[in-house]
Amino acid sequence: MTTTLAAPARETRTESSPKRPAGRQASRWLIRAASLVTALLIWQWLTATDATLWIRFDRLPTPVEVAGQLGLLLRDPLYYLDIAQSLVRILTGFALAAVAGIAAGIAVARSRLLSDLLQPLFEVVRPIPAIALVPVAILLFPENEQGIVFITFTAAFFPILVSTRHAVRALPTVWEDAVRTMGGGRWRVLLSVVLPGALPGVFGGLSVGMGVAWICVISAEMISGDYGVGYRTWHAYTIVDYPAVLVGMITIGVLGFATAGAVELLGRRVVGDR
Amino acid sequence: MSLAFHINGVSLGHGDETVVRDLDLDIRPGEVLVVVGASGCGKSTLLRSLAGLLPVRGGALLADGAPITGPSPDRALVFQDDALLPWRSARRNVELPLAIRRVPRGERRRLADHWLAQVGLADHGDRRPGKLSGGMRQRVQLARTLAGEPKAILMDEPFGALDAQTRAAMQRLLVDVLRTTPATVVFITHDVDEALYLGDRVAVLGPEGVRTLIDVPEPRDPATRGTPVVRAAREEILRSLT
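Keeping their order, the protein sequence lines are chains A and B. Residue numbers for the first sequence follow our numbering, beginning at 678 and rising by one. Residue numbers for the second sequence follow our numbering, beginning at 88 and rising by one.
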């Protein structure tokens, strides 16, 4: 499982300087678009010419075939049902993981007793890949749906927990001292210092958590879903419909990109420039 | 509304290390007591104990006769730098002690603007600390402290990180602002001239306790700078510092 430490927010400040010439901004977007287009062109060329280097491209569908399949699916209500189903699963699991991960991260960082009580448990469970919990999920939950949400939750929980814990521990004590000498109690310190102070790090964890959650919701759907993008992609594979498999993968990519962007955007709005 | 401190046979330290032993000192209500001493002599430790952030090792530490057991809004602490919450505007930082005292929201804003004006920052309330200079940040911190209407203000080298010019301006501002509050002030510095300018009394602290306690002749009067009495006091402080 990937758990990265929250990078200090200060280092990314060059990204959002307000005075940037519009021309340079436009050319950056152009380069980004060109990167995607080039990748598509190379893919088209390799598959259309049936290139067999050492890797073989003769059986991989061409982007044009995939686009055709996508066009078909876009008119199919089932496609949207799958997307909605996957989104409900991931957002439920992720929201629960965000609340639980932030709360547990703060608790473990702030209280010695809770740290001693919970930390060993977390450290033992954390290395287990969430997807390996499928059998446990099937045993524990009466319905498939809940099992998938549980796996998504577990996947996103640990990166959020670890990032929050580190962010809270790294807070300078002077802010807390200041609030305490103004007469602020535990809750005041928590709400006015710990939570806002840890936010940049917390959002680092949320970003990572969202990525891992997608990996796990798709895998879980492939194993035990009835609907969902992961289930549909695996289903297409079993009936040897390769263009549909690739449409599934691209759908996952776009959804992951959109949700990661949403977390990033929310983070920038909430954290602001400090 | 000013606190008196009684420090009786107090030992201070953190971890395994005892920094100060057997400290005796009475701080009078309403006075400005400046504490000077070499680095590591326990000045800041003493201040943190007076603030209630650090328990004493032994002896009695009393504020108005009651033992100090924890922090209290009566005893505000001013830090050297970076004690403002960087995600709050200057105004919202000053509002913080008011919010803790449950002052209603509209009143909070009015009082915060009042105190910001007192320190000459009426037009900077919307700026975040990161957009303010070091001197301005210390002025916001001063406004925030005063907004809490403490009975004692404990200042831990508040101007230590400022350049000489800003520092002099801040000293003058502090003298002006302190006239409006009855609070007792304990001020830590290692600048002897700053001590003589600001203090009613200057205490020289060493590991064995208070080495010298000097009454400043004509406190907070810039005209006395360099006069023989002040020079004599300066000599005496410097002698007991070494």
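One should not assume that every hint holds.
[Unchecked claim] For lysine to any residue, the following SDA-like pairs were computed, each having C-alpha atoms within a straight-line distance of at most 20 Å: (1) K218/B / P873/A; (2) K218/B / D263/B; (3) K218/B / S176/B; (4) K218/B / V948/A; (5) K218/B / T253/B; (6) K218/B / R945/A.
Rather than coming from a laboratory, the hints here were simulated on the basis of the structure.
Taking the hints in turn, this is what the structure says about them:
1. As the CA atoms of K218/B and P873/A are separated by approximately 19 Å, the hinted pair is consistent with the 20 Å bound.
2. Distance check on the hinted pair: K218/B and D263/B sit about 25 Å apart at the alpha-carbon level, beyond 20 Å; violated.
3. Annotation: proposed proximity of K218/B to S176/B holds, straight-line Cα distance about 10 Å (limit 20 Å).
4. For the suggested pair K218/B and V948/A, the alpha carbons sit about 16 Å apart, so the restraint of at most 20 Å is met.
5. Taken as a hint, the K218/B and T253/B pair is honoured in the structure, with Cα atoms around 17 Å apart against an allowance of 20 Å.
6. Using a Cα cut-off of 20 Å, the hinted pair K218/B and R945/A holds, with the two alpha carbons roughly 18 Å apart.
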